[in-house]
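As given, the protein sequences belong to chains A and B, one line each in that order.
The opening residue of the first sequence carries number 1 in my numbering; numbering runs sequentially from there.
The opening residue of the second sequence carries number 1 in my numbering; numbering runs sequentially from there.
Keep in mind that the hints were calculated from the coordinates and are not lab data.
There could be a bad hint or two in this list.
Heads up, the list lumps identical chains together, so a pair's fine if it works in one copy or across two of them.
With a straight-line Cα cutoff of 27 Å, these simulated DSS-like cross-link-like pairs (lysine-lysine) come out [to be verified]:
{"hint": "1", "residue 1": "K117", "residue 2": "K43"}
{"hint": "2", "residue 1": "K2", "residue 2": "K117"}
{"hint": "3", "residue 1": "K2", "residue 2": "K84"}
{"hint": "4", "residue 1": "K84", "residue 2": "K119"}
{"hint": "5", "residue 1": "K43", "residue 2": "K84"}
{"hint": "6", "residue 1": "K2", "residue 2": "K56"}
{"hint": "7", "residue 1": "K2", "residue 2": "K196"}
{"hint": "8", "residue 1": "K43", "residue 2": "K196"}
{"hint": "9", "residue 1": "K154", "residue 2": "K2"}
{"hint": "10", "residue 1": "K56", "residue 2": "K196"}
{"hint": "11", "residue 1": "K56", "residue 2": "K154"}
{"hint": "12", "residue 1": "K119", "residue 2": "K56"}
{"hint": "13", "residue 1": "K2", "residue 2": "K119"}
Since the structure is predicted, the reported quantities are computational estimates derived from the model, not experimental observations.
Number of protein chains: 2
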Amino acid sequence: MKRRFYAANVTLGPVILGEREAHHARDVLRLQNNDPVLLFDGKGTIGEGVLSEVNKDRVACRVESLSSEKKRDRSIAIAVAFPKGARSAFMVEKCAELGIERLIPLICERTVTVPSKSKIERHRRIAQEAARQSRQGSAMAITEPGTLADILKKSAEWGTIVLAAPGAVSENRGTGWGERGSTLILVGPEGGFTEKEVTTIRNAGATEHHLGEQILRTETAAIALAATAYLIGHQ
Amino acid sequence: MKRRFYAANVTLGPVILGEREAHHARDVLRLQNNDPVLLFDGKGTIGEGVLSEVNKDRVACRVESLSSEKKRDRSIAIAVAFPKGARSAFMVEKCAELGIERLIPLICERTVTVPSKSKIERHRRIAQEAARQSRQGSAMAITEPGTLADILKKSAEWGTIVLAAPGAVSENRGTGWGERGSTLILVGPEGGFTEKEVTTIRNAGATEHHLGEQILRTETAAIALAATAYLIGHQ
Numbered sequence: 001m002k003r004r005f006y007a008a009n010v011t012l013g014p015v016i017l018g019e020r021e022a023h024h025a026r027d028v029l030r031l032q033n034n035d036p037v038l039l040f041d042g043k044g045t046i047g048e049g050v051l052s053e054v055n056k057d058r059v060a061c062r063v064e065s066l067s068s069e070k071k072r073d074r075s076i077a078i079a080v081a082f083p084k085g086a087r088s089a090f091m092v093e094k095c096a097e098l099g100i101e102r103l104i105p106l107i108c109e110r111t112v113t114v115p116s117k118s119k120i121e122r123h124r125r126i127a128q129e130a131a132r133q134s135r136q137g138s139a140m141a142i143t144e145p146g147t148l149a150d151i152l153k154k155s156a157e158w159g160t161i162v163l164a165a166p167g168a169v170s171e172n173r174g175t176g177w178g179e180r181g182s183t184l185i186l187v188g189p190e191g192g193f194t195e196k197e198v199t200t201i202r203n204a205g206a207t208e209h210h211l212g213e214q215i216l217r218t219e220t221a222a223i224a225l226a227a228t229a230y231l232i233g234h235q
Numbered sequence: 001m002k003r004r005f006y007a008a009n010v011t012l013g014p015v016i017l018g019e020r021e022a023h024h025a026r027d028v029l030r031l032q033n034n035d036p037v038l039l040f041d042g043k044g045t046i047g048e049g050v051l052s053e054v055n056k057d058r059v060a061c062r063v064e065s066l067s068s069e070k071k072r073d074r075s076i077a078i079a080v081a082f083p084k085g086a087r088s089a090f091m092v093e094k095c096a097e098l099g100i101e102r103l104i105p106l107i108c109e110r111t112v113t114v115p116s117k118s119k120i121e122r123h124r125r126i127a128q129e130a131a132r133q134s135r136q137g138s139a140m141a142i143t144e145p146g147t148l149a150d151i152l153k154k155s156a157e158w159g160t161i162v163l164a165a166p167g168a169v170s171e172n173r174g175t176g177w178g179e180r181g182s183t184l185i186l187v188g189p190e191g192g193f194t195e196k197e198v199t200t201i202r203n204a205g206a207t208e209h210h211l212g213e214q215i216l217r218t219e220t221a222a223i224a225l226a227a228t229a230y231l232i233g234h235q
């Protein structure tokens, strides 16, 4: 596996790595001149090349070819009622790190808060920073808030819809979804989906994922599903 | 599935639920008189009975039999270098919610901070609150910090040792460990385990779990592994 490094601008020819990336390449991974590497800019461009300079003052890479990041063969969106305060920010950061493609603030009957425009902007910055930090080509999108009806109206867009709930019937062990294609995971708010909402989701053809016997907080459920998709579906 | 509620003292006879639990039973789940319920006290005692009073002022349960919580047929410990500040607190809360039995602050070559006695006390309170909130019989333990050598000295205690690292060879898809018996998961610090440490862990007979291509923060890796064990191994 070629090591990947972030650079704000990826162009053909020499690219000097930032301090943090340079430290990682030189001091942690102990890479040497001519070691092959990949550079990515967080906007979808990948540069392939070799290290051309590794010393105390700087680490540079000579980019020999450019390409666009290949589209993932699966994409996962999570629609979730955002919890309050720091819990939302943490949920956004973790879902972004774990490669979720889209996070949809869900408005449902028991939703307590709907994030404001400025909150959503703040969350988008957190997602971008998480993409940069975890070395992904592109950042998780955070859409405008939508009701369950809004979201299910576009249900044909998704190969699989997953209803995640404590009381859900476990149809599989998490490996049946998320391996390929596009998946939408619906996570209920504190207090859960209402019976009416569960019926609506089931009628939309959702598969169900049992969340275990413990009562998980909303953000924990979202992160746990993102993590399971990442560690299991991704390999 | 009988609904579970927390009560500080679980005894035979009538037990009045606290405000939060009463609200959940009455207003969210809309339970009625004579509905069967379980009470637990977070210290391992389970009371079985029925609701004997459901009204605006209070919700009470009549406990008809007492038992001890059955021991889980698996237990998972995570040894992880604690990150700084709020990231540690969040990691503790999420690992506790997801049913990890023991969290061990790991001291290794690239460890930046070792939690102080007072920090560990604070983390223990967070774990207790998470157990209460997620309705588990007992709270996750947080041990004193230990070096890799300290921890591996007791390696016979564990049925399975898992090395979780970005560069680890993926021997399984997460379903090979954590289903039964006791498992110790080792998560590296920011910057990763050193090569020497990886060799030591491999020599202790560890199985490896590949953490995917993204660079996960320490607390994200710990939470992701806890979540995978919870959602996959638990069903």
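Consistency of the hints with the structure:
no.: 1; hint: K117 - K43; verdict: within (23 Å within a copy, 44 Å between copies)
no.: 2; hint: K2 - K117; verdict: neither (39 Å within a copy, 41 Å between copies)
no.: 3; hint: K2 - K84; verdict: neither (40 Å within a copy, 29 Å between copies)
no.: 4; hint: K84 - K119; verdict: both (11 Å within a copy, 25 Å between copies)
no.: 5; hint: K43 - K84; verdict: neither (30 Å within a copy, 29 Å between copies)
no.: 6; hint: K2 - K56; verdict: within (22 Å within a copy, 63 Å between copies)
no.: 7; hint: K2 - K196; verdict: between (50 Å within a copy, 21 Å between copies)
no.: 8; hint: K43 - K196; verdict: neither (41 Å within a copy, 36 Å between copies)
no.: 9; hint: K154 - K2; verdict: neither (39 Å within a copy, 36 Å between copies)
no.: 10; hint: K56 - K196; verdict: between (63 Å within a copy, 24 Å between copies)
no.: 11; hint: K56 - K154; verdict: neither (53 Å within a copy, 41 Å between copies)
no.: 12; hint: K119 - K56; verdict: neither (40 Å within a copy, 36 Å between copies)
no.: 13; hint: K2 - K119; verdict: neither (37 Å within a copy, 39 Å between copies)
Taken one by one, the earlier hints fail for this structure at numbers 2, 3, 5, 8, 9, 11, 12 and 13, listed in ascending order.
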